[in-house]
Structures are given as C-alpha cells and as structure tokens.
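Undergrad: So you can see what is in the structure, the chains are spelled out below.
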Amino acid sequence: MPHWNPLRHALRPQRRRPPEAVIDCYQADTAFLPIRQHASLVLEFARERELPAAALLQGTGYDEHDLLLGGCSVSPASLLRLLGNLAARDRARDLSFELGQHWLPGPHGAPSLALLQAPRLADALALLVDHQATFCPLLGPRLHVAAGELVLYWTDSIGAGPQLPFLVELHMAAVTGLCRWLSGERLPWRYCFNRTPPAFAEQHEVHLGSRLQFGSHFDAMVLDAAWLDRPWPGGSTGAMALALRQAGHEPARASRSLVQALYDYLLAEIRRAPPLEQAAAAFGISPATLKRQLARHRTHFQAVLDLVRTHQSLFLMRYHGYDQTALAHYFGFHDARNFRRSFKRWTGLAADLPLAAASFAPV
Amino acid sequence: MLHLYRFPLAVLAVIIAVLLLAYLGLGEPKPAADWKWMDIAGEGGTAAMAGIWLLQVLSSRPRGRVTTLLALGLAGVMLGAWVDCLDEFFVLDKAELWDNWLESLLSPLGMLLLTIGLAFWRQEQFSLTEHLQKRERLFREHRAFDRLTQLANADYLRRQIKLERERRPDQPCALVLLDIDRFHAINREHGWAEGDRVLQAVAHLLLLNLRNDDLLCRYAGDRFAILLPETGLCVANRLAEHLRFMIGHLAHTTRDHGARLQLSARVVSAVADTRDEALLASLNAALEPASARAPAPAPAPA
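Residue numbers (numbering that gives the first Met the number 0), protein chains in the order written: chain H, 0 to 362; chain Z, 0 to 301.
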C-alpha cells in the first residue's frame, strides 16, 4: 500500500472531477466559456470607460496575459466574479444597462451570426433559450406564451447571490436592445422585477421604458404575442439555418446549467412533485451529490421546487383563470387549508388569488 | 499631477537638508534636558502640516500663476517653521545673524505669497464658476457628475428642482426632457465610442443654447434634462423646440469615415408643479416613441 501523505494530497492540484451527472449540463466551475467571448467583451467595455482591467480580473484566476493569449476558457463562476468586480465600480448605476446593449448578439461566432439573421422575434427568443449556455450562461431565459401574451422570464443559472439584480438588468437591456435593433422599432415590453423598487429608476426608464413593475414574483419581460411572428427587416430564415448548421460543427457544450436542468425536470413533473431522491436518480447521481452540487450553486432542492410552483401558479392564475380550488387540485393537494399554507410558503403571498395575480401583471 | 513638480520638490528637499546640515555644522546641540517639548511639537507640527498642504495643492492643480504662488507661500511657511523647530535643538553663536533673518523672514514672506495666491485663486474660482454655471447652479457636489459629459446626473436634478421650488415657491419652474432619436442605432452602426462622442457633442451644443440660469443634466443614457427656473410653459416649449431644431442642424461627423450623422431628438416640457418624481415619470412616459405605446402590432402580412 503506498504511503499516504495528507499534506501532499492537500497541496496536489485537484484533478478534474469525473462527470458525476449523466445529463447534459454545466456547473458554476465548468470552464467552458472561451476567454475571447464574454470575458473579452466585458473587459473591452470596461476599457472604453477607463476602468482598470487588472482590478476587474481580481479573484477570477485570470490576468491580462491570459486574455491576450486567448487560448483558455473561463468558468461561469469566474465570469460572475468579473461582472461582480465591474458592478462594484458602478457609481452611476448604469453599467448593467450599458453593458447589456453590448451583450447580444455577442462575439460567439456562428450562434451570434444566427441570432443576427433571425427573421422574427419568435426565432430570436427560441435561439436565445436553446443556446443559453452560449448567450447567457449566468441567467437562463424561459419563454411562456399563453392567452395572447408572451412572458420571457429569467432564472438564476449558477447562484448569482447579490449580483442577481445586476444580471437581470444586463439581460433585460440586452434583449430589449437586440429586438429594437433587429426589428427597427421599440417593442412595447412591460417589465417585472423580483426586487424592491430602487431609490430612483431613471436608468430603468431610459434604457428599458416607463412600464416597470417592482416587487413582482419574477424577473420577466411581457409583450403581446402578436409581435412574435412579425417579420424583421434584415432577417432571413435560410441564413439563420446556415449559421446554425455551422454552429453544429463547433465543439459541443452543455445546453444549460445544473440548476436550470433541475428546474426543467421539475417543471415537466410538477403535478407529481417528485422528491429529491427521484430527481437525483433521473440525473444519474446520488441524492447526496445532487444536494452538494445544489448547495454549491447557493440553492437547494426545495427552493427550486418552490420556485417552479410559484411560476406555474402565477401563469395558471393569470392566463388560465385558475382559482384556489383548481390550483390545489392541479398540484395534487386534497386539503384546501394545507394548500393555502404551502402557497404562502412558495410565494410569500396569502392565497388571496386575485391580489396575487395582479402582483405580477404590470400595467 | 505631482509628477509635474518633481524638480521644485527636489529643490525643496535639498533646502530642508541644507538647513539641517547648517545647524549641525555651525551650532552646538542642546542637552536633551533643555528641549521644550511644547515648542518642538508646535513648530514641528506646523512644518509638517504646511508640507502636507503643499503636496495636496500641487497634486490637485495644473501649473500656473496661482499654483506657483500658493506653493511658494506654503513652502515659505513650512521652511520658517522648520528653522524654528531646528532652533529648539541647537544653540547658534550670537554673532551668527542668518538664523534670525531666516526665522523672522521666511514665515511672513510665505504668508504674504499665500495671501496673494489666494486672492488670484478667488478670481480663478469666479471665472470657473461662471464657466460651470449652466452645469451646476447654486450648489456644488462633485460626486454627482457624469464622467462622459461632465454634466450632473438625475439625483442632482431632483435636488435642484426641490431647491428651486423651496427658494421661489410662487414662481413657475419648467423642466424639459430631450431624447436623441435612434441613438442605439448610432451605437450599433458606428461603434460605442462614436455614440459617446455624439453625447459629448450634443451636451456642448445644448450648453451653448441655454440661458445663464438654466441647468443641463444628463438624466440617463441618451436622455438630457434641462431645468428652467422662473420660466412658464410657453417659454419652455419654445426653448425645447429651439433645442430640437439645433440638434437637427448639428453637423456631427464620425471619426472613422468622416460621414455626417443626421441627428434628431424628441422633446417634452412641463411646469414643475407636482411632486418631482411624478413629474419626471410622466415626462419620461411622454418621451417614448408612439410604437412603444402601441398595444399590439398589425397582423403580419401573410
């Protein structure tokens, strides 16, 4: 038996963990984002604003030299750290919005080219959702179309913690700016923010528009669904398909983060509400591993489940006219009082449903 | 900015050292029992403070007459106190007069130069204040200024509206918001740096077309706000229209290809008689182009 030296073991660089999950997803520390893409974009933006690159790269594990060489890849956690350092220098509170306007279509090669050629809003949003690991690895977009309205809502991919409001502003400004540019007009988006109102919302007003609702239950952009199929002037279905075929030749990357994958799984099974053990089995990992991995992303199983249920309740109430009894039945609760208590835990709202529905519908 | 003054600062350091050497060479050290600690602390402290003030002045000002006078004055005060302080440690022969001359001349001369310097500095401040008047009005807060256009931000604007309404509650006070059309497209088509130059050019143009008492702010992004004290709606509308006209006639050429950018802007104005937040919200909503207020698009052609 070889001699075991705990100190040497501790000092040895950690080997890459063997893939624990059989499903296709990335984690906060999966280094798969080429440094020349998001990180370069952020630093170029900072350079124009005379912000020091060295200070922004602090704690990311990379320096300007890596950036010049350009061969390596960074993890979503490093990118988040970079954005956090940028946000810490955001004196005028406008960097998230300004950077957002640079964010899409982005320097990502074939996927960016495909997005640029999108012939309609529907295609652009579908691309964004499908290629979220490329376009927005930190905050995942989700599209819900019902009753003549489209809701583009955003959920945390890797545990952004205090940076979440910055990321939400950045991504909303990115989609707003992209659509305005490609469609040639300003789309009448309405915006919901899952946060208290900022002291002053002038940056939101100028960069997004005046239809804002704070204190909502999710971070969402809402629009009349009729806009989905309006043709965009510069778009071309053929060119987009060609660029997508090219994107298919590029090295494969996971399509979404672990937290997003769990959200998707729970959404598909929401009426059954599977326990942690079943979810772990579906992911091909042990319950303990799933727990540990979720904790690394600053969340836990019950929190993701409650989030899915909250979002589903809001959609069902607003677009399908569900009342309390119907919701209880939908989620498999037999006791109305029990459901009221659970609903209050998911949403923080008393099950005063008309009020709850109103809280997410912006004017 | 301290690197501009490397040579004068070196000369000052040499003078300090020469004075120390002169006392060391020509004087007799006093026994430690005779040291007067109160005097040493007072004179040494004065020399140190004057030195710090000197560095602060030099590190914050470009070269020029006012800077020279302030620096010479502070250096004089500092050297005078330094000589006083050295005097506490050494006894000089009574026949030596130079130290008396230094002690009684350096500090008053320094004070005199400092006073003259401050008089010129006051004049300089007046002309700077005049230059900044349309940017700051009645109140100075350097943290509220935008890096790109050197204009005040929305926080500052709200504070100014409040001040204006408190100062003259019976007088109307108008507010104009101005938004550049298709600014995002300029950014995308000509680069973000060109967009920044457009903002700077528009800021300059607006400043040139305002009255002395008006205040120009960068509200956020490509939206500017103009506060017009003691102005009614009619005059405000006329001024807003004039600003819109001027922007339409601005010949801004891009840096890369020298192409002329045709600019245009939307303006709205109102009299600040409600709460400033409600007023700003309604003005911002009014600025949005018609397409952004439309409920739904016409069905797509088949």
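Treat the hints with care, as some may be off.
Between beta-carbon pairs, the in silico distance windows are [unchecked claim]:
id	chain 1	residue 1	chain 2	residue 2	range
1	H	G58	Z	S263	41 to 51 Å
2	H	E249	Z	R146	37 to 47 Å
3	Z	S59	H	R88	44 to 54 Å
4	H	A240	Z	S263	56 to 66 Å
5	H	G233	Z	H248	27 to 37 Å
6	Z	L207	H	A52	51 to 61 Å
7	Z	S263	H	R88	44 to 54 Å
So these bits of chain Z aren't anywhere near chain H, every CB distance computed over 10 Å [said to hold, decoys possible]:
id	residue
8	L8
9	Q55
10	K93
11	S106
12	A153
13	A184
14	N186
15	A192
16	A200
17	Y218
18	A219
19	F244
20	H251
21	N283
Please keep in mind that the hints were generated in silico from the structure rather than gathered at the bench. It should be emphasised that the depicted structure is a prediction, and the values quoted were computed from it without experimental measurement. Quick reminder that beta carbons are idealized off the backbone N, C-alpha and C, glycines included.
Undergrad: Does F244 (chain Z) sit more than 10 Å from chain H, CB to CB?
TA: The claim holds: F244 (chain Z) sits with its nearest Cβ about 23 Å from chain H, beyond 10 Å.
Undergrad: Would the non-interface assignment of Y218 (chain Z) survive a Cβ cutoff of 10 Å against chain H?
TA: For Y218 (chain Z), whose nearest Cβ neighbour in chain H is about 6 Å away, the distance does not exceed 10 Å, so it is violated.
Undergrad: Minimum C-beta separation from A192 (chain Z) to chain H exceeding 10 Å: can you confirm that?
TA: 6 Å, violated
Undergrad: Could you check the hint for me, namely that G58 (chain H) and S263 (chain Z) are 41 to 51 Å apart, CB to CB?
TA: 45 Å Cβ-Cβ, so the 41 to 51 Å window holds.
Undergrad: Please check whether S59 (chain Z) and R88 (chain H) have a Cβ separation lying inside 44 to 54 Å.
TA: For R88 (chain H) against S59 (chain Z), whose Cβ atoms are near 22 Å apart, the range 44 to 54 Å is violated.
Undergrad: Is 37 to 47 Å respected by the C-beta to C-beta distance linking E249 (chain H) and R146 (chain Z)?
TA: Once the Cβ atoms are compared, 38 Å apart, the range 37 to 47 Å for R146 (chain Z) and E249 (chain H) holds.
Undergrad: Minimum Cβ separation between A219 (chain Z) and chain H greater than 10 Å?
TA: Since the minimum Cβ distance to chain H is about 4 Å, A219 (chain Z) lies within 10 Å and the statement is violated.
Undergrad: Against chain H, does A184 (chain Z) hold up as non-interface, every C-beta pair farther apart than 10 Å?
TA: Violated: least Cβ distance 7 Å, not greater than 10 Å.
Undergrad: Classify the label on L8 (chain Z) as holds or violated, using whether its beta-carbon is more than 10 Å from each beta-carbon of chain H.
TA: It holds; L8 (chain Z) is separated from chain H by about 27 Å at its closest Cβ, greater than 10 Å.
Undergrad: So is Q55 (chain Z) really clear of chain H, every C-beta pair being over 10 Å apart?
TA: 23 Å, holds
Undergrad: So does A240 (chain H) sit 56 to 66 Å from S263 (chain Z), Cβ to Cβ?
TA: At roughly 37 Å between Cβ atoms, S263 (chain Z) and A240 (chain H) fall outside 56 to 66 Å, so the hint is violated.
Undergrad: Taking the closest pair, is the beta carbon of A153 (chain Z) still more than 10 Å from chain H?
TA: 4 Å, violated
Hints 3, 4, 6, 7, 12, 13, 14, 15, 17, 18, 21 from the list above are not met by this structure, while the remaining hints are.
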